[in-house]
Amino acid sequence: MYTDRKPPLLGRWKPGLKLSRRLTAYGFLAPAAILVCLIIAYPLVVAATISFHDIRIFQSLSNLADSANLENYRRLFANDAFWRALRTSLIYVVVTNAVALFIGLSTALLLNQRFPGRNVARMLVMLPWPVPGVVAALAFTWMFNTSFGVINYLLLELNLVNAPVAWFTSTIPAFIAVIAATAWQGYPFFTIMLLAALQAIPGELYEAASVDGANSRQSFWRITLPALRPVIGISVLISSLWVLRNFDIIYVMTGGGPSRRTETLAVQIYVESFEYLKMGYASSIGMVTLVIALALAFFYLRYIGKDFY
Amino acid sequence: MSARSRRRVRTALLTAVVAAVCMVLVFPVYWGFVTSVNISGSSLAYPPELIPSAISFESYRRILSGGSVLRWFANSGFVTLATILLAVPVASLAGYSMSRFKFFGVREAGGFLLVARMLPSTLLIIPIYYLFARAGMLNNHFALVLANTTFILPFASWMMKGFFDSIPRELEEAALIDGGNTLTAFWRIVIPISLPGLAATTIYCSILSWGEFIFAKTLLTGSDKWTVPIGLTSFVQEYTVRWDEVMAAALTFVVPVILLFIVLERYLVQGLGSGGVKG
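Top to bottom, those sequences are chains C and X. Under this note's numbering, read the first sequence as residues 8 to 316, first letter to last. Under this note's numbering, read the second sequence as residues 38 to 316, first letter to last.
By construction, these hints were calculated from the structure, which means they are not laboratory data. Where a beta carbon is used, it is the ideal one built from N, C-alpha and C, also for glycine. Be aware that one or more of the hints could be misleading.
[To be verified] Quick list of simulated restraints, FRET-style, between CB atoms: (1) X:Ala40 with C:Arg229: 19 to 29 Å; (2) C:Ala221 with X:Gly148: 37 to 47 Å; (3) C:Leu97 with X:Val54: 30 to 40 Å; (4) X:Pro205 with C:Ile41: 50 to 60 Å.
[Unchecked claim] Under 10 Å between C-beta atoms, here's a sample of chain C residues computed to sit facing chain X: (5) Arg29; (6) Leu97; (7) Ile98; (8) Phe147; (9) Met150; (10) Leu162; (11) Tyr213; (12) Ala215; (13) Ala216; (14) Ser217; (15) Gln275; (16) Phe281; (17) Tyr283.
Could you build the full structure based on these sequences and the hints that come with them?
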């Protein structure tokens, strides 16, 4: 890892070639930079531009009917649907993360123990990680099916409910189904991060604690949790950004319904743009979402900055 | 109780708890499988059998003999292959630059890449749709490959940077002293040592590209161009859903990813360390 104490190594023996070194660096970076400018940076500028215009359908951007104005943003902040989506996003991010962190931490602690078949167990626990969002969404849609779903069957068998729950026609059950699918896909990330952090805690700490008469609960609260805190923080941040952006699970499972009650900001941008064809208005929702994401990313960069640059 | 038998009881209890937890966590995949091999041919039977009494692979046969599903698999395969062929070399170059040259421009580009992967793709898909519509590239696999590549680049570059960071610079110094330039040092020395890292990045890119949904949904308008995720959701929009067939197709779709994941798993922690990998 690079530290400022070392002089730049590659320039040392060829002092005259500083420019060529610079060119090499930029040359290596150029293909990625071109692609990113073309498909991320430039579209970002376009999105910002159209958020200041009233664009209802896919029309040419070169002859806009109106001059740049804040009308979209004014309508946005006056629109209940936007505030509801903001609240929905917030609940979605917080609850999903809480569930995923709980499962991730529990499984990481379990997998950190010694028992036969640990490698198989680790593989099974992490299995949802590579499963594409669409597949997770379909599997959960089927499990939560009102008439034939296995969840309702189990709930009825265990006498937890008297009648089948109509999961996708009322707000809270629909939320539960969507969060279950997202947390299922998201918890292995916590398991992976926390398991690595657990394995980095020196065993001597626990030995010393047990010599001093600490029981395992005290060891957990006094050693394990404090050691995991930074990793938990960064994982929650990364996972929050992921849940905030998440589109496929909600879109496939509920389409934002019932009556737009599970519509997060990410889903609302898509619905307003590609279903209602209000591109300008949708872009203004997108810009607000972007600001939220950047605020989260700012904390992430500050953390990463210490370690990696 | 002696210490030894206490330890034995503890291990047995622990194993039982782990087994129970694994069963719950893997249940969605298990249930998808049970649904797909349902003997009645229709999954719409009640009560559902938690452990099937007999199984049949009829739904797989039906799915794979229908032309459209095979077509979607071929499309997904093509898009993923083209994406990794484009993304992995570009990301390796960028990652190497970020790992070795830390001066003005490179650092900033690295920072922008980090931010770029946090942007909401539902926002960017609006202008990207415009861009490709204007270029006459809607319903075109190359448009999807470009979009996928660009969204994978930030992750892949940082992952490769992490692997390059772990390679000592002294190896390249030797090559440079012998009169080579940076490019030959990179090609002859760094790349061969980083093959495990390259493999991990390739697998990770494949997993992301294989399951990509929003770009494929927006950019590919004709059903003959669809990738599998889009095709799968179209099944569910039909009036009567054949869940056994949906799950058969979904599981067939997931198997390659899970196999790749098993190979990737031991590199994953390393990759995660270099800046938190998450689709």
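Now for the hints, and whether the structure bears them out:
1. X:Ala40 with C:Arg229: 19 to 29 Å: 24 Å, holds
2. C:Ala221 with X:Gly148: 37 to 47 Å: The hint (37 to 47 Å, Cβ to Cβ) holds, given that Ala221 (chain C) and Gly148 (chain X) are roughly 43 Å apart.
3. C:Leu97 with X:Val54: 30 to 40 Å: 34 Å, holds
4. X:Pro205 with C:Ile41: 50 to 60 Å: Check failed, 31 Å falls outside 50 to 60 Å.
5. Arg29: 7 Å, holds
6. Leu97: Violated, because the Cβ-Cβ distance from Leu97 (chain C) to chain X comes to roughly 15 Å (cut-off 10 Å).
7. Ile98: 17 Å, violated
8. Phe147: 6 Å, holds
9. Met150: 6 Å, holds
10. Leu162: 12 Å, violated
11. Tyr213: 16 Å, violated
12. Ala215: Interface hint status for Ala215 (chain C): violated (20 Å vs cutoff 10 Å).
13. Ala216: Because about 19 Å separates Ala216 (chain C) from the closest Cβ in chain X, which is outside the 10 Å limit, the hint is violated.
14. Ser217: This interface hint is violated because 14 Å lies over the 10 Å limit.
15. Gln275: At 8 Å from the nearest chain X Cβ, Gln275 (chain C) passes the 10 Å test, so the hint holds.
16. Phe281: With a minimum Cβ separation of about 7 Å from chain X (threshold 10 Å), the hint on Phe281 (chain C) holds.
17. Tyr283: 12 Å, violated
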